Amino acid sequence: MLQYLVGRMLQALLSMLVVISIVFVLTRLSGNPVHLLLDVNATQRDQEILTRHLGLDQPLPVQYGIYVKNIALGDLGKSILTRRPVAEHIWERLPATVELGFVAMFLSVLIGVPLGMYSAVRRGGILDSGARVFAVLGQSMPTFWLGLMLILFFGVVLGVLPAGGRGGLEHVILPAFTLGYFTSAAILRLTRSAMLEVLGSDYIKFARLKGLHEQVVLWKHGLKNALLPVVTFAVMLFVQFLGGAVVTETVFAWPGLGRLILESITTRDYPIVQAGVLVLSALYLTGNLLVDVLYSYLNPRIRHAGG
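In the numbering used here, the protein residues as written are 7 to 313.
Because the hints were derived from the structure by calculation, they are not lab data. This structure is a prediction, so every number in the text was calculated from the model and none was measured. Ideal placement from N, C-alpha and C gives every residue a C-beta, glycine not left out. Misleading hints may appear alongside valid ones.
[As the list claims (entries may be wrong)] Per label pair, the in silico range of CB-to-CB distance:
| id | residue 1 | residue 2 | range |
| --- | --- | --- | --- |
| 1 | V104 | L143 | 26 to 36 Å |
| 2 | Q64 | E203 | 50 to 60 Å |
| 3 | L143 | G80 | 41 to 51 Å |
| 4 | G80 | L20 | 16 to 26 Å |
| 5 | T88 | E54 | 15 to 25 Å |
| 6 | L234 | M15 | 15 to 25 Å |
| 7 | G80 | Q50 | 34 to 44 Å |
| 8 | R89 | E54 | 10 to 20 Å |
Make the full structure from the sequences, and use the hints.
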């Protein structure tokens, strides 16, 4: 187990180094931020001074080496625009993204698991057909379009929910549902498939022969054994929410990390873009590692096959 864990951690570190390198190159390809910081009347001398001050006059390999060394020392640098430490910007925005991710995951599980279970129980019926339509729509509907329609209907026409921003619980409902609808459809289909397999097993038939109430059979014996893939999938969903909420945060003006990265891309604020992607990648790889360890613990054949 220890050998498997060390191997997975080394793979995660290598993946992180690849991400760091790709983001570094892509941010440099977007252009020089000096032109956005200076006035239109700035001279060539002014541009050279600011470029030297920001360290952008160094060759790219030198800049890359300094960047990697600073990351290893825990220094994410300073924002080009605000000159504040990048870490301050990240920690200001990360809680909003985590909050949105938690609520979206909760809604995904709350909607997807019961619908998936009863869809399997009523296979071929009206509920099953409706659940499958719900799943198809959820996995085919663009996130930005769904968000705009929810804003139009609940925020403008009915006026019952705020159209954007972050405040009380009512502010998170629309963005969380927008973010969680796609994944609730995926959880629905996964739960349905797992339940269909479980319901055909011998111990479910035996539980029914014992005269147990149908709800006890479904919830205690059926769903309990079908939840393992759903739980591990939900963990990965939460990590993906943290990195995939850029569109949702932008549509609803949600002050999260994804929106910060997008704003920094438009202003060519390299340090924030690099640090934001670094944090999201670290969270994703950590979640992926936890899921791998959980699976290897529950199924030893996985770690034996991997190492």
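Review point. Of the hints given before, which are not true for this structure?
Key: none
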